[in-house]
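Number of protein chains: 2
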Amino acid sequence: MMQFVSGGVTAAKGFTAAGVHCGIRKNKSKRDLAMIYCEKPCAAAAVYTQNLVKGAPILVTQENLKNGVAQAVICNSGNANTCNADGLEKARRMCELAGEALNIPAQDVIVASTGVIGQILPIEPIENAVEDLAAQLSTEGGTNAAEAIMTTDLIKKEVAVRFELGGKTVHIGGIAKGSGMIHPNMATMLCFLTTDAAISAEMLDEALHDVVKDSFNMISIDGDTSTNDTLAIMASGLAGNPEITQKDAGYEIFCQALLMLCKELSKLLAGDGEGATKLIICRVNGAKSDKDARGIAKSVICSSLFKAAMFGADANWGRVLCAIGYSGCQVDVNKVQVRFTSAMGEILVCRNGAGVEFDEDLAKQVLSEKKVTVEITLGDGDAKAEAYGCDLTYDYVKINGDYRT
Amino acid sequence: MMQFVSGGVTAAKGFTAAGVHCGIRKNKSKRDLAMIYCEKPCAAAAVYTQNLVKGAPILVTQENLKNGVAQAVICNSGNANTCNADGLEKARRMCELAGEALNIPAQDVIVASTGVIGQILPIEPIENAVEDLAAQLSTEGGTNAAEAIMTTDLIKKEVAVRFELGGKTVHIGGIAKGSGMIHPNMATMLCFLTTDAAISAEMLDEALHDVVKDSFNMISIDGDTSTNDTLAIMASGLAGNPEITQKDAGYEIFCQALLMLCKELSKLLAGDGEGATKLIICRVNGAKSDKDARGIAKSVICSSLFKAAMFGADANWGRVLCAIGYSGCQVDVNKVQVRFTSAMGEILVCRNGAGVEFDEDLAKQVLSEKKVTVEITLGDGDAKAEAYGCDLTYDYVKINGDYRT
Chain E
20 MMQFVSGGVT AAKGFTAAGV HCGIRKNKSK RDLAMIYCEK PCAAAAVYTQ
70 NLVKGAPILV TQENLKNGVA QAVICNSGNA NTCNADGLEK ARRMCELAGE
120 ALNIPAQDVI VASTGVIGQI LPIEPIENAV EDLAAQLSTE GGTNAAEAIM
170 TTDLIKKEVA VRFELGGKTV HIGGIAKGSG MIHPNMATML CFLTTDAAIS
220 AEMLDEALHD VVKDSFNMIS IDGDTSTNDT LAIMASGLAG NPEITQKDAG
270 YEIFCQALLM LCKELSKLLA GDGEGATKLI ICRVNGAKSD KDARGIAKSV
320 ICSSLFKAAM FGADANWGRV LCAIGYSGCQ VDVNKVQVRF TSAMGEILVC
370 RNGAGVEFDE DLAKQVLSEK KVTVEITLGD GDAKAEAYGC DLTYDYVKIN
420 GDYRT
Chain W
20 MMQFVSGGVT AAKGFTAAGV HCGIRKNKSK RDLAMIYCEK PCAAAAVYTQ
70 NLVKGAPILV TQENLKNGVA QAVICNSGNA NTCNADGLEK ARRMCELAGE
120 ALNIPAQDVI VASTGVIGQI LPIEPIENAV EDLAAQLSTE GGTNAAEAIM
170 TTDLIKKEVA VRFELGGKTV HIGGIAKGSG MIHPNMATML CFLTTDAAIS
220 AEMLDEALHD VVKDSFNMIS IDGDTSTNDT LAIMASGLAG NPEITQKDAG
270 YEIFCQALLM LCKELSKLLA GDGEGATKLI ICRVNGAKSD KDARGIAKSV
320 ICSSLFKAAM FGADANWGRV LCAIGYSGCQ VDVNKVQVRF TSAMGEILVC
370 RNGAGVEFDE DLAKQVLSEK KVTVEITLGD GDAKAEAYGC DLTYDYVKIN
420 GDYRT
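If you read the protein sequences in the order shown, they are chains E and W. Sequential numbering from 20 applies to the first sequence in our numbering. Sequential numbering from 20 applies to the second sequence in our numbering.
Extracted from the complex, chain E is given alone in its bound form (with noise of 0.2 Å):
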């Protein structure tokens, strides 16, 4: 049995956080600087944005995670570190400080900045906060941290799941932020994940990057990829789990575990993409691959057209059809059936790739929910796939136009 639990990035066994404001950001109530700490050295792994422009932050935790071995996440927001001449120096430095203030090696530390590019990150609030971040440790804390890492987030984002494996209660954890500069393809904005299940970096690594693609890589909130995406967990082993170490029946539960979890912080960043007003979900069925079913879902999720209607809860499903054409898949468009879906009830709107009379009002009402599904039924073969997004807004506009100041 897999369920959903409180706890967040604190729910598995040996894990800490805290966050604090330290002053990269003007506005005094708003946190701007976490951590994330094990009592133990863990097993750990991460996927980075497939972005050629990489955030410093990004160089250093790769080097850092190169043995497979992590005990903490420092991370700030309000400052991207990217683009700036002395990046790499900057964020080696917030490793060493915050090494200094657990009494871990540099080396053990993953690093993550997210905000504006190409500004140079001010350390000093960082130096002068990090003792008493490192004192506010507890296993009450991931809230605060889950605000600390927030930019334009509306809300707080954690996640925790329970399950059985090897006899064994095990947790996964998580917190993530988005919210801008995130679409497909390693696009997972920041995403910080702690388990106590006993698994090697490998298996570890393995787990992240098959999970990955059905969840974070399946978000689009406005096409772009941004330059600090960073998925990273950490494995403590404190659950006692016999070691997964390879690709066994307890690696396929830690997976679904892991997928589970993933899924409902991947529709937590799309419904809370900047200026959001609803979450998106673009379900595509009968697809002849799974290329081409991930392809479709994210084509309708990614148009501009598609998700300006869904904000004027208009059934216009001739921008759904446009954007399976457009999409590069393999598709019968003579087939296609589209069902708009929400708490409100269901409707058809097109089938055999032409339009089919419906009640409007019915589908003003469906589309004005929060949570609004739009159904692809293709008559391709059996593949399918989900992809998570908003609608686009009077607010993303605002939000993006002036940004910086």
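Each hint should be verified, as a subset may be incorrect.
[Claimed, not checked] Below 27 Å or equal to it, Euclidean Cα-Cα: the simulated BS3-like pairs (lysine-lysine) are:
hint	chain 1	residue 1	chain 2	residue 2
1	E	K417	W	K389
2	W	K383	E	K45
3	W	K417	E	K383
4	E	K403	E	K354
5	E	K307	E	K403
6	E	K286	E	K389
7	E	K286	E	K32
8	E	K390	W	K417
9	E	K286	W	K417
[To be verified] Here are some chain E residues pointing at chain W (derived, C-beta under 10 Å):
hint	residue
10	L71
11	G294
12	A328
13	Q349
14	V350
Think of the hints as simulated: they come from the structure by calculation, not from any bench. Ideal Cβ positions, reconstructed from N, Cα and C, are used throughout, including at glycine.
Given chain E, work out where chain W should sit, using these hints.
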């Protein structure tokens, strides 16, 4: 010498045009049916959307242009005649009606429709209006035709060029419409070109494909590739130049003039994108290959975050670097230079991949103009490209949040 002249789609010898309100649109003050006619059969060619979902008019035009001959265009706005069970029948009927009114074979008519997808096209308004439309054909009718093909466009798009070819004065002219669902890769919206040059259908087709990749295929307004995009050209031969039948010097001159015309129409289309307040040109120099230059220019011009920053006149160059980084093109990030220019001046914002100090007030002034160029200089080679787009605004969301009602 090549120069822009007045006259639009009727600048070339032999062509007349007209546009009327027939009733497909409810608003009686908006023309919705256009016709272009040549006094003799023309060599003709066209390029179409790459969307798998193709409007019925495209399929009929493809049939009709198989022999490389056309004598007229009929085009309605307000309804795309796409994803309808009776689409082909209606598109063929439009050709018949135009053919009867003009006393030419239905097979010599180019047909196009633009507007909402998935609503049955009412044919009666066209049946009732076609005689009157044909009666109104004149060399002054191009402007009415330009208006009749508009959907959410705010300005009419008419351009013509004049040049010398084989000792004769030759014209190419055209009308076009945007303004949403526009994206690179053969997303030319609707554009009808006419010329009095003598040129074979084969060479006309070659020229059109040559020119489109540096003009219409470099536009992006919202990343959505429409189902109905058509760029068609008819050549009457009435200029009396020696017929172009191979890729000789005359062909090169013709292509130069055609490119000059198509780039100008592309800028008009981009600057009048849905909700746009300004034209954005992205110019890339020093790329490794033409493919990389085009890819980078397109990636920047397509970025929602960059487009929103341009709306806010915010010199957020980090988003330019971000879009370069995820373009999938080969680039040495550490050599990238970014500069914004407009009628108000120019401002360097990034050198060697990192920010430089700049005057924010001047930057705001530069970016507040109606036409802004972002110049990206790479250090990877000699290739260059230019892409055309617009800012992302509240009005884009407004227009597309409730387009159908």
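Evaluated hints:
1. E:K417 x W:K389: Distance of about 19 Å is within 27 Å: holds.
2. W:K383 x E:K45: Judged against 27 Å, a Cα distance of about 23 Å means the pair holds.
3. W:K417 x E:K383: holds, 17 Å
4. E:K403 x E:K354: Measuring from Cα to Cα gives roughly 16 Å; hence the hint holds.
5. E:K307 x E:K403: holds, 9 Å
6. E:K286 x E:K389: Holds, at roughly 12 Å.
7. E:K286 x E:K32: Judged against 27 Å, a Cα distance of about 26 Å means the pair holds.
8. E:K390 x W:K417: This hinted pair holds, its Cα atoms lying about 21 Å apart.
9. E:K286 x W:K417: holds, 25 Å
10. L71: holds, 4 Å
11. G294: holds, 9 Å
12. A328: holds, 6 Å
13. Q349: holds, 9 Å
14. V350: Since the shortest Cβ distance to chain W is 7 Å, the answer is holds.
Of the numbered hints given earlier, the model fails none.
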